[in-house]
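*Asks:* For chain P, the structure is supplied; the task is to place chain G on it using the hints.
Here the protein sequences come in this chain order: P and G.
If you read the first sequence in our numbering, its first letter stands for residue 1, the second for the next number, and so on.
If you read the second sequence in our numbering, its first letter stands for residue 1, the second for the next number, and so on.
Treat the hints with caution; some may be incorrect.
[Said to hold, decoys possible] Computed footprint of chain G on chain P; a stretch qualifies when at least three of its residues, placed anywhere within it, have a C-beta under 8 Å from a C-beta of chain G:
| # | stretch |
| --- | --- |
| 1 | 125–137 |
| 2 | 145–153 |
[As the list claims (entries may be wrong)] No farther apart than 25 Å at their CA atoms in a straight line, the calculated lysine-lysine pairs in the DSS-like style are these:
| # | chain 1 | residue 1 | chain 2 | residue 2 |
| --- | --- | --- | --- | --- |
| 3 | P | K190 | P | K175 |
| 4 | P | K168 | P | K187 |
| 5 | P | K495 | G | K128 |
| 6 | P | K175 | P | K495 |
| 7 | G | K110 | P | K396 |
| 8 | G | K125 | P | K190 |
| 9 | G | K128 | P | K190 |
| 10 | P | K396 | G | K72 |
[Unchecked claim] Computed far set for chain G versus chain P, every beta-carbon distance over 12 Å:
| # | residue |
| --- | --- |
| 11 | P29 |
| 12 | G41 |
| 13 | G236 |
Treat the hints as calculated values from the structure; they're not laboratory data.
Yeah, the Cβ is synthetic: ideal placement off N, Cα and C, and Gly gets one too.
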Amino acid sequence: MKKSEVRQSLNTGAVFGIIHIFCVLIGFNAMMGSLLVKIVGQKSDLSAPTVASLVAYAILLGLFAGIVSARRQHEASLAKRVLASLLTGVVLSILATALVGIFQLLLTNHINPRNTFPTLSFPFMKACLFKLAGKGVWINFFIFLGSTVLGGLLNGLWDLPTVTSSRKNANTWIKNLGEKISGGSPKVKKIKKYAFLGLAILIVAIVPVEWGSYWNYVIGTVGLYVILGLGLNIIVGLSGQLVLGFIAFFAIGAYTVALLNAPIPFNIMLGFWPSLILAIILAAFTGLLLGLPIMNLRGDYLAIVTLGFGEIIRILLKSDVLTPFTGGPRGVQDIHGPMIFGHEFNDVNYMYLIIFAVLLAIFVYNRLQNSRSGRAWMAIREDETVAKATGVNTGKYKLLALMIGAAFAGLAGAIYAARNQYTGPDEHAMMASINVLCLIIVGGMGNIPGTLLGAFALKGLPELLREVENYRMLVFGALLVAMMLIRPEGLIPSKRPIRDLPDLPDENQSQEPTGAAVQAPGEQAHDR
Amino acid sequence: MTDNIIECNQVCKIFGGLIAVNKVDLEVPIQSITSIIGPNGAGKTTLFNCISGFYTPETGDVFFEGESLRGKSTDVIASMGISRTYQNIRLFSNLTSIENVMVGQHHKLKETWLDAVLGTRRSRKEEKDSIEEGVRWLNIVGLRGMGNVPARSMPYGAQRRLEIARALGSNPRLLLLDEPTAGMNPQETLEMTALIRRLRDEFGITIILIEHDMHVVMGISDQIAVLDFGQKIADGTPKEIQSNPRVIEAYLGPGGAALAKKYSKKG
Numbered sequence: 001m002k003k004s005e006v007r008q009s010l011n012t013g014a015v016f017g018i019i020h021i022f023c024v025l026i027g028f029n030a031m032m033g034s035l036l037v038k039i040v041g042q043k044s045d046l047s048a049p050t051v052a053s054l055v056a057y058a059i060l061l062g063l064f065a066g067i068v069s070a071r072r073q074h075e076a077s078l079a080k081r082v083l084a085s086l087l088t089g090v091v092l093s094i095l096a097t098a099l100v101g102i103f104q105l106l107l108t109n110h111i112n113p114r115n116t117f118p119t120l121s122f123p124f125m126k127a128c129l130f131k132l133a134g135k136g137v138w139i140n141f142f143i144f145l146g147s148t149v150l151g152g153l154l155n156g157l158w159d160l161p162t163v164t165s166s167r168k169n170a171n172t173w174i175k176n177l178g179e180k181i182s183g184g185s186p187k188v189k190k191i192k193k194y195a196f197l198g199l200a201i202l203i204v205a206i207v208p209v210e211w212g213s214y215w216n217y218v219i220g221t222v223g224l225y226v227i228l229g230l231g232l233n234i235i236v237g238l239s240g241q242l243v244l245g246f247i248a249f250f251a252i253g254a255y256t257v258a259l260l261n262a263p264i265p266f267n268i269m270l271g272f273w274p275s276l277i278l279a280i281i282l283a284a285f286t287g288l289l290l291g292l293p294i295m296n297l298r299g300d301y302l303a304i305v306t307l308g309f310g311e312i313i314r315i316l317l318k319s320d321v322l323t324p325f326t327g328g329p330r331g332v333q334d335i336h337g338p339m340i341f342g343h344e345f346n347d348v349n350y351m352y353l354i355i356f357a358v359l360l361a362i363f364v365y366n367r368l369q370n371s372r373s374g375r376a377w378m379a380i381r382e383d384e385t386v387a388k389a390t391g392v393n394t395g396k397y398k399l400l401a402l403m404i405g406a407a408f409a410g411l412a413g414a415i416y417a418a419r420n421q422y423t424g425p426d427e428h429a430m431m432a433s434i435n436v437l438c439l440i441i442v443g444g445m446g447n448i449p450g451t452l453l454g455a456f457a458l459k460g461l462p463e464l465l466r467e468v469e470n471y472r473m474l475v476f477g478a479l480l481v482a483m484m485l486i487r488p489e490g491l492i493p494s495k496r497p498i499r500d501l502p503d504l505p506d507e508n509q510s511q512e513p514t515g516a517a518v519q520a521p522g523e524q525a526h527d528r
Numbered sequence: 001m002t003d004n005i006i007e008c009n010q011v012c013k014i015f016g017g018l019i020a021v022n023k024v025d026l027e028v029p030i031q032s033i034t035s036i037i038g039p040n041g042a043g044k045t046t047l048f049n050c051i052s053g054f055y056t057p058e059t060g061d062v063f064f065e066g067e068s069l070r071g072k073s074t075d076v077i078a079s080m081g082i083s084r085t086y087q088n089i090r091l092f093s094n095l096t097s098i099e100n101v102m103v104g105q106h107h108k109l110k111e112t113w114l115d116a117v118l119g120t121r122r123s124r125k126e127e128k129d130s131i132e133e134g135v136r137w138l139n140i141v142g143l144r145g146m147g148n149v150p151a152r153s154m155p156y157g158a159q160r161r162l163e164i165a166r167a168l169g170s171n172p173r174l175l176l177l178d179e180p181t182a183g184m185n186p187q188e189t190l191e192m193t194a195l196i197r198r199l200r201d202e203f204g205i206t207i208i209l210i211e212h213d214m215h216v217v218m219g220i221s222d223q224i225a226v227l228d229f230g231q232k233i234a235d236g237t238p239k240e241i242q243s244n245p246r247v248i249e250a251y252l253g254p255g256g257a258a259l260a261k262k263y264s265k266k267g
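Isolated chain P, as found in the complex (with noise of 0.2 Å):
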């Protein structure tokens, strides 16, 4: 090995080492491995965790940096790999034995750190040591180290030449399979075509019914969610302009439902349905009046102003002068939600309410994305100058981007309005905006799967790992720095459509230049 791969190899332990302790002092690796041990079905205690489940943290921990420092070892042979992770690992294990020696002199001498580190209790770190004392040091050694190798290794092998020609083989196998699935004449192609939309369509009508409330609460935010982030994502993704209060446009369709159909403070009892329509035209109305101003605005500025306008109408909703309109901070209570057969809304109604407005939030988009206006709108977000010297009226579009955005949002806030009851102002703070452009930038800008995943990722997965709470917000954090360097375009990133271009003849070609005809002036002026 050249000395660069070795110093880099070392490199790699010390920053996962780092990474360790880290994650130990804050209490990450109970928590990390108290998830990996529910998956096999057992229980784990985050201030006192079990031996497995640290045990099941440590060997993940150890495989993900072998496999990492192997694979910076480009096209090399397999010992080649294994031989680095083993100097990765032993500068890890070097950095973990080093933090459970120190445990392990702080359990003896009886001194307690938990004034500087809250999570360091006496239990949780008897269960880093293995409850082994002494010996459970050198075992954290050994579990990192051989980890660590197991992961290069297994890297290696992953690379084989008989593994890669197997694993191509599978791929292919499964392309086929694909295509036997899809392919067919075109009759047949339609007939699969409308039996897979069917059965599409049946396990959307049974999985509501069958689910049970709590997941039908949590999959219809999430639905919520990406009707918002499609709509964000027509403003950001497609026409480029950074708008940071979206959620105001929520708060505007969440209230105008509200204060139609809730006793306190109007009692004025329109009905759902017409105030859902009133919701949305008030949204894209706010859109307009939001861009009247904002139309001169790029970038950085756009984006103050708009964080602004949020600020605003979360202060107005909450403040004293307008209790007697909006409720104040206590917010709208017992709304009326909508009814069908003179019955109100079940969770299963509204979970069929919210996959029909997410279906409608989709087909617009998609729509539009490949329309006159999409195009208007990418170009505009590509560079604004140029697409108004193209002749595209750049203030209209920008306008109307926000006003489609802003009805987006406004359709989402009416439906969670009367899922839920009751909307206060607190519900449409700053945050709640930060999370949606998160989520899309997360995703994938621009593009329906994309914010798809992202509201799953980013609304769905926080409701599924309850016990992590507290770490939410850590691991967003970090999931978004890891995302910007890993994945700077999302989860999806955006690509343009294929389109079937007719091929037209080729008028070139009796065209083509002769060469002499054009040079011959040109030599003349050489020549002068």
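*Replies:* For chain G alone, kept in the frame of chain P given last:
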């Protein structure tokens, strides 16, 4: 009014204390090729920007087909029939090349967002027609079969040609080309000059170009205007310009005319 498609009348553009364009008169006959030449910083691109609406001249006026362009924004001017390209290529780089041309067609198309959402027959037909026309323009500029390539991943020469295709998308009557052959090799330059000629002859487009390559300028221009320090110092046919002592002086410095004479005798 007259046969001139564009008339610049005493156009002045001032940046702070610098007079970038100083009382320039320019008359461009319909279906001609006019070149604007001059040393660096002479105000050629500024004049282009005045015509295409990027700048509003301090004094003076630009008339397009007899209509004043004063106070009109760039998108209005573009929809009147003036298209341009840029000195440093400015494509919509994340869009495919056919989409770039389709953005060029924007103001000709009628489809509204509601048409698009509802998928009306009119909008589908219009979309199909616009793709077909876009492909035709791509073929004409020599980008056959590259319709689905993102603009940013095209080679340099192709990007220059795509910019022209985008400008042509709006069916302009006047095309402003800012250094169309900059950075091109002799073969590409040759193709470009042939293309410019063809646009004039076949499609009747009037062309004004800024160009530094004297072979190109002298070869294809019907008329040449020379700018120096914001002022128009000469205009006329290529022959007249070549022998104009003020032009030679502007390029070679004082005494340059005598020097040029000496060398041309030797040659």
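*Asks:* For each hint, tell me whether it holds in the structure or not.
*Replies:* Against the structure, the hints come out as follows:
no., hint, result
1, 125–137, "violated (count 0)"
2, 145–153, "violated (count 0)"
3, P:K190 - P:K175, "holds, 20 Å"
4, P:K168 - P:K187, "violated, 32 Å"
5, P:K495 - G:K128, "holds, 21 Å"
6, P:K175 - P:K495, "holds, 21 Å"
7, G:K110 - P:K396, "holds, 15 Å"
8, G:K125 - P:K190, "holds, 24 Å"
9, G:K128 - P:K190, "holds, 23 Å"
10, P:K396 - G:K72, "holds, 16 Å"
11, P29, "holds, 19 Å"
12, G41, "holds, 22 Å"
13, G236, "holds, 14 Å"
The structure fails to meet hints 1, 2, 4 from the earlier list, while all remaining hints are met.
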